[in-house]
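From first to last, the protein sequence lines stand for chains A and B.
Under full-length UniProt numbering, read the first sequence as residues 1 to 107, first letter to last.
Under full-length UniProt numbering, read the second sequence as residues 1 to 404, first letter to last.
These are computed hints drawn from the structure, not numbers from a lab.
Be a bit skeptical, because a hint or two may be false.
Claimed, not checked - Calculated cross-link-like contacts (lysine-lysine; reagent style DSBU-like; alpha-carbon spacing at most 30 Å): (1) Lys82(B) / Lys194(B); (2) Lys9(B) / Lys326(B); (3) Lys326(B) / Lys3(A); (4) Lys153(B) / Lys274(B); (5) Lys153(B) / Lys109(B); (6) Lys60(A) / Lys109(B).
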Amino acid sequence: MPKVTFINPDESRIELDIPVGTSLMRAATAHGIDGIVGDCGGGLTCATCHVLVEDGYLDKMPAVQANEDQMLDFTAMGRSPCSRLSCQLVVTEDMDGLTVRIADPQL
Amino acid sequence: MSEAALSTKTIDAPVLEIDPYSLEVLRDPYPFHERLREAGPAAFIERYGVYAVGRHAEAAIVLNDHARFTACGGIGIQDIRKPGDFRIPNRLLENDPPGHTAIRATLTKYLSPIVIRRWREHFETEAKGLVEELVAKGEFDGVEDVAEAFVLKVFPAAVGVKLPRKEILAIGEMRFNQSGPPNELYHRAMERAKPYLEWFENSVRREGVTPGSIAEMLFDAEDRGEFEEGIASNMVRSFVGGGTDSTITGIGHTLNKLAQNPDQWALVKADPNKVRAAFEEAIRLESPFQVTYRTTTGQAELSGVQLRPDTKVGVFLGAANRDPRKWQEPDRFDVTRDTTGIHLGFGTGAHICIGQMIARLEAEAILRALVTRIDRLEPAGLPRYRPINQMRTLDHLPLRARLG
Ligand code: HEM
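I would like the entire structure built from these sequences, with the hints used as guidance.
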């Protein structure tokens, strides 16, 4: 199973083994990672599962679709070039070793 | 024949002779839903010449594939591009990308989650006030005195439209019957709404909306060229239609299920954060929008079933939300179930409900206020459903609040 590391706002790190086909948002909320809120369950209407993808992995992520692109503009922290909504990051084998920083605040 | 050859063989959709819009089905849609799911990935509804989909997986495929299943033919059973249908098309919903994308992007600017979250405190204050009135009454109607009273108090004001109760309920009933076939319900609802049509047209015009509101901002955006002409008014119309009856209904179903299931009430009482899960589960179990349509653009294959071109496909969200292929014990109301973003009650794909965070905020505010203030919620009589072609909605819900 691909390993993904989440960096919390307090710099602590959590490493999860996430099955291929599961989104980072679902894996994080299922494991009680509080920094990922995911209020709308992946519907691209809340922008509360915002993460920043660390160096070297951005091009391994699925392309940003229109609804995600729109919502990224309304994250509480504000958008940066490596911003993604983690509900759209569905894990593939390619993502093994991925590190994402949890945006703060989400709400 | 080899197995590979068998697996690529496609069949025509099995024919169902049932009328999904008969009063019998509308009063209790679940036996029809089961027949539909068991018939196959898609069935053909002989009476109306349309396809119907009731399984979760295929429902999601249809809603996510606008190239093969267009929304431009309208979300009702009739094709709005053909003569005979008098509805005013929703220019966001009854539209495909890329035209849809541009309108949705602009709308999202004015109705973003940041804007919506600012309403929380006000909604909570209003909810507490209403719950005090309910406690004083002791017995009340979960639809009229709770869901309708709360939604009509906070939602129109938040977006900037004026919605008196009698008018808006008649208009809603017309709209959600009009998206079905021209049956008796349809004609009766049109007749009843007639006296209010002019009022409705005026209330979605610039002059009718509240100065300084989101609705007015949409008209200003249109003046600046952010929307094509006519979109602002069409969007205000779409909020009123999409956002009022649906939320009232969803809150009503949640109250009904909580009153009927004391064990689930106890879970929510012990942890009021669970009111959100309760609302979500009620939307799964009694989906306010039961069905939405797409139209095949060409010959299309859906999980081995061949669909004819230019034909309506009814996506029965309520059936998908109880599909045993997706859910364990699908008919059970269970607030611990993982449903948010998985059930299709808010749709999926490009048109997924843009107002869902508003609906959740309203539901959370009123349900939390109730759960924290009272100890038990009990049925005080039998609930009554109101048959509407496109919706699953409660008419009366007698409830009793118990303290201590
Ligand atoms: C419990 C409450 C609600 C339910 C169950 C609900 C359900 C839905 C569903 C199923 C769709 C997708 C229809 C399709 O794909 O054919 C949708 C779309 C939509 N909803 Fe809601 N809705 C609710 C509340 C609201 C609210 C409060 C608003 C207010 C703004 C709203 C506005 C809209 C709009 C404008 C669309 C069209 C979006 C698009 O085409 O991109 N809804 N809703």
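To see whether the hints hold, each was checked on the structure:
1. Lys82(B) / Lys194(B): holds, 24 Å
2. Lys9(B) / Lys326(B): Satisfied, since the Cα-Cα distance of roughly 25 Å is no more than 30 Å.
3. Lys326(B) / Lys3(A): holds, 27 Å
4. Lys153(B) / Lys274(B): Holds, at about 24 Å.
5. Lys153(B) / Lys109(B): holds, 24 Å
6. Lys60(A) / Lys109(B): holds, 29 Å
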